[in-house]
Each structure stands twice: as structure tokens, then as C-alpha cells.
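Engineer: With the hints as your guide, set chains B, C and D onto chain A.
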Amino acid sequence: MILALLLITLLILASAAVAMVLRNLIHSALLLVLSWCGIAAFYLWAGAEFVAFAQILVYVGAISMVVLFAVLLTRPARDAELSVPAVTVLRVAAGLMAAGMVASILGLAVLTTRFSGAATRAPQLTVKDLGALLAGPHAAALLVTGVILTVALLGAVLIAAPAPAPRPEDHS
Amino acid sequence: MTPLTLCLLLSCGLFSVGLAAALTRGNAILVLLGVELMLNAANLNFIAFWRFSGGPASTGVVFVLFSLAVAAAEAAVGLALVIAVYRHQQSIRLQDAVRLKG
Amino acid sequence: MLGTGLLQGLAVTAKNLVGSFHDPARLPTLEYPEVQPQLPEAYRNFPFLVSESAEDPMGTLRCVACQICEKECPPQCIYIEKSKDKKPDAAGKQQIFPAVFVIDTSVCMSCQICVEVCPFESIKMDQVFAIATTERFGSLLLTREQLAKPNSYYHQIHPTEAAEVDRRLAADRQAAEDKAKAAAAAKSAAPTPPAKPATGGPAA
Amino acid sequence: MTPAAVPPDRWLELAPLQLRDWVTGFLPASLQWLATGLITIVAILAVFGLLFAYLTLAERKILGRIQNRPGPNRTGWFGLLQPFADGVKALTKEDVVPRQADPVLHYLAPVVLVALSLLGFAVIPFGRHLVAVELDAAVLYFFAAGAATELAIFMAGWASRNKYALLAAMRALAQLISYELPLLLAFVPVVMLAGTLSTTAIVAAQGGWTLGVLPHWFVLTPWGFAGFVIFMIAALAESNRSPFDLPEAESELIAGHLTEYSGFKYALFFMAEYFGMCALCGMAVTLFLGGWQAPCAALECIPSYAWFGAKLLTLLLGFIWIRATLPRLRMDQLTRLAWKFLVPLALINLGTAAFWSLTAGWTGGLQLVRWAVALALVAGPFVLLGRRLSRGVAPRVYRYASS
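Protein chains in written order, with this note's numbering: chain A, 28 to 199; chain B, 238 to 339; chain C, 6 to 209; chain D, 3 to 405.
With the rest of the complex left out, here is chain A (with noise of 0.2 Å):
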């Protein structure tokens, strides 16, 4: 059982890691899917099925798709990333830095906390209680959820549509 959360551990992180510091963005994007398939895999480890397999339907269905795709429609120019240099030192050994002092911020916080009442058991859950719950107390929000995400699309559908063809002067 630790064995197997240990296995997880190790694909998550070493897949994201590498995804993010890869050069190659479609490389970046597929290690990132098998990253998102390991948490998927956290899930069903923990016992949350159906929260598993939402996250591939949305992870590797969806979002993959559409971080594919605007990896292909963004191609940059050659000369472009030529002549600017890349992100300078100093600013991935900030970031770096940064990121490192929240991990160890995290990290003892998380060593130095005694958590009570240890489950051993996974509780159970059914998607038919799912379902009650998302349809019973949590309705109200189930309901905003479908409004942003119906928002977010037509958002997403206008910001990404082409603007009107320019007029022949704009061109220079």
C-alpha cells in the first residue's frame, strides 16, 4: 500500500519536474498527461473513483487537447527565439529560490503537524451518495459551477476568435 503511494509519488513528481524544465513544449505537454494520469491514479489509490476518472475525462480528454492545440497554433517564429536570450540566471534562481523556500515552508509544516485519527479504511463512497450530495447541499454551488464554466467557454470562444479582418493601411 505505501509501496504503491511511494511508486505514485515518484511518477507525479518526476514526470511534472521533467515536463517543466524540458524544452520542447509538446515533450513538456505529454509528460505533464502521464504526470495528471499518475494523480488520477492517487485518486483511485485513495479510493476516489469517480474522482479519478473525472480527472482523466478532464485532464487527458480535455485540457491535453487544448494545451496540444495551442501549442501547435502558437508556433514562434524562428528568428524570434534566436535573438532574445532565454530567461536569464538570475531570474530562475529567484524563481528557483522561491519555489524552494515554499516547499521547505510546506514541507515543515507538514513533518511538525500531528495529524489525529489516522483512517485506515477507505470511507466509502458511492456515486449515487455523490450524486445525492451534489444534487442536495451542494446544489447552489453545482449550479455556479456550470455558469462559470458556461461563461468561460463563451469567453474563451471570444477572446480566441480572430479578430475582424484589418484594413488594408494597418498592414505596414
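There are no misleading hints in this set.
Restraint-style ranges between C-beta atoms, simulated for each label pair:
{"hint": "1", "chain 1": "D", "residue 1": "Leu222", "chain 2": "C", "residue 2": "Val17", "range": "21 to 31 Å"}
{"hint": "2", "chain 1": "D", "residue 1": "Ala374", "chain 2": "A", "residue 2": "Ala166", "range": "29 to 39 Å"}
{"hint": "3", "chain 1": "C", "residue 1": "Glu169", "chain 2": "D", "residue 2": "Tyr402", "range": "32 to 42 Å"}
{"hint": "4", "chain 1": "A", "residue 1": "Val129", "chain 2": "D", "residue 2": "Phe86", "range": "51 to 61 Å"}
{"hint": "5", "chain 1": "C", "residue 1": "Ala16", "chain 2": "A", "residue 2": "Val178", "range": "44 to 54 Å"}
{"hint": "6", "chain 1": "D", "residue 1": "Thr365", "chain 2": "A", "residue 2": "Ala166", "range": "29 to 39 Å"}
Counterexamples of contact, computed for chain D against chain A with all Cβ distances above 10 Å:
{"hint": "7", "residue": "Pro18"}
{"hint": "8", "residue": "Ala45"}
{"hint": "9", "residue": "Leu336"}
{"hint": "10", "residue": "Arg393"}
{"hint": "11", "residue": "Tyr402"}
Since the hints were derived computationally from the structure, they do not count as laboratory data. Here the structure is a predicted model, which is why all the values come from computation and not from measurement. C-beta atoms are modelled at their ideal positions from N, C-alpha and C, and glycine is treated no differently.
Structural biologist: Frame of chain A, contents of chains B, C and D only:
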């Protein structure tokens, strides 16, 4: 080390990886993906506490479901923004997106 | 309404599927090597040489090696060497014959120009299309012996055309005989040659 | 899996299970769970592998007949050995990898695709007692597994470093994103009415007959029929079958994402396409056509897996028939059909299903009202949206080919 601690450390590590990517990488898409990773790290926490709290409440799972929906919305809008920026700047490096007027 | 066109299309294909089991018009495929196709009379692909008799094809070739086809052939796939000696043809006249007559069928484009230009009706189009060989060069180079086919075969594959050719040849032969007879008769009737016309003769 | 609940004369029903138990009986008890799992996997692989082999033959034969030619008939009796000849040919062909290609992704794509397309079979109940894994969220699992196949197609197209393959990859992404939505929306009414995401429970909910002849399959209700049609159209697109085979449109993109694949990798893509098709059709059978339920009470003596197989084959032959009939769509027509026609219809269908679920208690004359309203809710939007979809498209006039 209890499994719960390991789960929390995993989520902490994932969060840091996402944060590091968002801070260091110049590519807008990778920054977005870093933010997604941070969201996922938060979800991991919810599930871990739900699994090991031992209580009857299932709020953790429900919250993760909402969080997934919001993450999908965030990705859609974020990538649409990236494409819009690319259309103006012909680049998706965040350092290049310095002009307010397209 | 939307979708009716789709259903119509599906009906058409279903009719074909069912019909192919009982309606020969909906399954015209021949199982080729076992069932040979009935070629239409006008079908033609590569040239062959017509000989008068099946027993002695080399002796009775109509070809007189005039080399017109060789010169006219657009892809230049015909090669002819004239014979040194002469042989009597079908009419009994002494003629040169082709010592070598080769057609490279890998080059031939089946244009039938050789047939059009041949003054002796000696090259015609064949109907054999299964000429695949296991090598690239030698087997596709058809020699005189492989090309020669009797007139009866020509009648078999293109009956209408062959009958017409025979009629024409017979008429020619008849005309030649008549001319020869007339010449002979004139010779016997008037032993002295007629006087040369006063005008138009070549200056000797 | 309760063999005790079945009468003893139904031994055919239980024969596969008994065979499996007989084989695992030779092993020590500690290994039996492993052997059971392995036997299930091997059985699924063997059955669907063979089905794949003969489906390719059937497809070629039927396409041939529809195009007025006999199809392959030389290898073996009636061409029955043709799939194996093809297999040997694919295995012995040279595997060409372009020098510019991304070697890892190029290699991984077919493997991942086949693996993912096999995952779906785990939750399909092939018979009364034949389901590999009983999951609470089985339907969700199935579509999650199916959603990942698009990535493999993208990997194939992108890793080939070929412009046609890349175009195919982008087309595949656009197409699969577009049709994922109607596919998912089409089965939601089923989940609503059955009240469960478990495939076995959904099949059980379709059991029983009215008067012993009319089965309670979901396809025989207005919303079920609409959902079934939408599901099948989306399934055609999801499995990249004609008329939605834009990613591998031969006439424009050579072979799309398959351009740079040869030999056994190509065969794997082919296999994955047919596995995906079988899985989607199996899910359609489970969701709408009553799964392994017999069509009338008198025919229940035939084992349930035979019924499932018959329904599955019917749907697969329908796919082949459609492939032989309809010409390929254009990219804009494809996405327009998904977003402006199928998605609204599927959403309205949700409302129809809700109405149907709310009026479950109506009887007598009200039952007629219920049917009339539901039919109107299905047919009205179809006609109206259809009119919108085909606006500006005049009926085609055949000037030279009129019959």
C-alpha cells in the same frame, strides 16, 4: 511516516514544481501548466484529508469535483488568452507581451 | 427533411449488396485466370505479323521489310533487318523479307500507327494482353518467330476487319492479274511497242 | 456472479465461467485470483482479436459486394484465411522510421493506442455473468479510457515530422474534442433514467418485457432512440470511421497520421481502430440496446453472450454499411454538425429524458400523452435544427445521372 504525511509531502512537492515552473519559465503555456499543477496539488490535499480523516463527511471529494470544473474553465480561458496574445505579438514569451495596446 | 438523403443512399448500397448475390448485372467481376474474358472484337493491344499459312509462318510472312513501320513508330520499338535474298510472296512475286523483325513490347505504346502505315497489310493488332514475364528485358522483346501468326488467327480475333483486308488483297491481286493479262494481251496484240508520247516523257 | 441464482438447465449460460473455474482449479488457491484475471484478459484478447481479424475480412467483402465486386476470395475457402495472410505480411514488412521523426513518440504511439483502446472492454458486460471488472463508475471509466486515445493519435501525427501527419493530428484533435461532447451528453439520459453509472446495473434496468415481446430497452423510448442515434454518430466520429475519417483522408492527406507508419506498427493502428469501434459499439449495446438481454421472453433460452454478440455484430455491420455509403465530410461541416446540431439535440434530449422520468407514473390515456409529448420533444428540435443545418444547401440536381 504515515501515509497521510507522504500524501501531503507529495502535494507539497507538486505545488513547488508548479510554482517553480510558473516563476522561471518564460513560455506562457508552460506557466499556465505550472498553475494547473498547483491546482492539482491542492486537489491532492483534499483527497488525502478525505481519505485519512476517518469522518463521514465527503466534502473533500465534492470540492475536488468543483475544482476540476474550475480548472477546466481556467485552462480554456488561459489558453484562449495565450492565443490572443500570440496573435498580437507573434510570440508566447511572457517577456514579449509588454504592450498594453495590441 | 434532414437525413432522408442519407437513408436513400443507404438503400442504394443495400440494394447493391443484396443484388450482388442474385443479379449478375450487379456483380460483373470475372474470376480471371479461370474464366477468360470475352474481349470485344475491336479490342487490340500489341502488333503481330500476319503470315499466309500456319504451317510455314516464316516462309509466308506478308512483310517485305519495307521499314515504313520502323520509321513511323513513335517510341521506336520496331527493329528490322532486310534479307539479302528474295522469296516469292503470296502472289508469287519475288520479294525481300525481314531477316530480323523485333518489337520491344515494353516500349510499344499500342498506338497502331504501324498498322495504319503498312502498305502490305502485314502487321496487325493482337488481343493477347497477358504478356507478363518474370524478367525485364529479354522476354518482352518479341522476335519474328514469336510475332508471326497465321491469317486464320487474324480472322479469329478480328473477323470483320480480316474479311475486309482479304477482300482488299484479293481485289489488288485481281487487279494486278488483270493488268498483267491486259499487258500480256496488249503485247500479243501489238508486237511493236506503242510510240512514246510526244510530251511529258523524261528526257533520257 | 452468482451461479446459484440460475436454473440448472442454463448450463450454456455458465459454460464460460465453469471452464474458467475448471482451469483455475488446478492452481493453488493463492494464485487463483491472478489466474482468473489473466484468463479473463486472454479471453477478451482472443475473442476480440479474432473478431478484429474477421471484421476486416467482412468489411472488405461487404464493401466489395456493395461496389459490385466479390472482395477477397482467393486465400483459403471464400478468402477465410485472408486476415492471417495480411497479418503475416504486416509482420514481415520492413519497419521504416523517418530520420527526422521523434523516435520515442513514434514508437510509443501505436502501443499506447492499442493499450488504451483495449481498456474499455473491461467494463462491458458481455453476458449475464461475463464482465471483467464491476465498477461503480464503469461508464465514466469507459469514456475516460476512450478520451485518452486522441493523445495517441496526436502523438503519431506529431512524432512523424511530416506535414500531412501533423495536419491529421490537428484534425484528429479538433474532431475528437468536438465529438466527445455529444458522445458524453448522449449517454447522460441513460444514467439519469437508470440511476447508476454501473454497466451491469444499466443492463439490469433494461430487463423485462411488456406482454413478453416488447423489451424494455432504452432505444425503444423517444429519448433513448434520439440518444442512440446521437451516440452512434459521435461513435463513428470518435473511432475515425468514414464518413468522419478526416484524420486519415486518403485523398488529401495520403494516410494522415499513418503516413509514416509501416509494417506491424501500421497493423497496430488498424487493430486499435477496430478495437475502439468494437468497444464503442459494445457500450452502445449496453447503454441503449439492452446489453445481453434477449429481445423477447421466449428467446431467453439462447445464452446471453450470444445476444450480446448478435447486437454487437449488427452495429458493426451498420458501421461498415455507412462506410460504404456516405462520402467524407469537410472539416467545417464536421465541426458544424457537432456543435450546431448534435450538442443542442443532446441537450434537449436531456430535457426529454427528465420529462420521461418525471411522468413515469402516468398510466392509461396519460401514457399516450406522455409518448406524444416526448416524441414531439425529439422530433421538433430535430426538424428545426436540421432545417437550420441544411439552410442554403439546395437539393442536388443530377443532370446526367438521373435515373
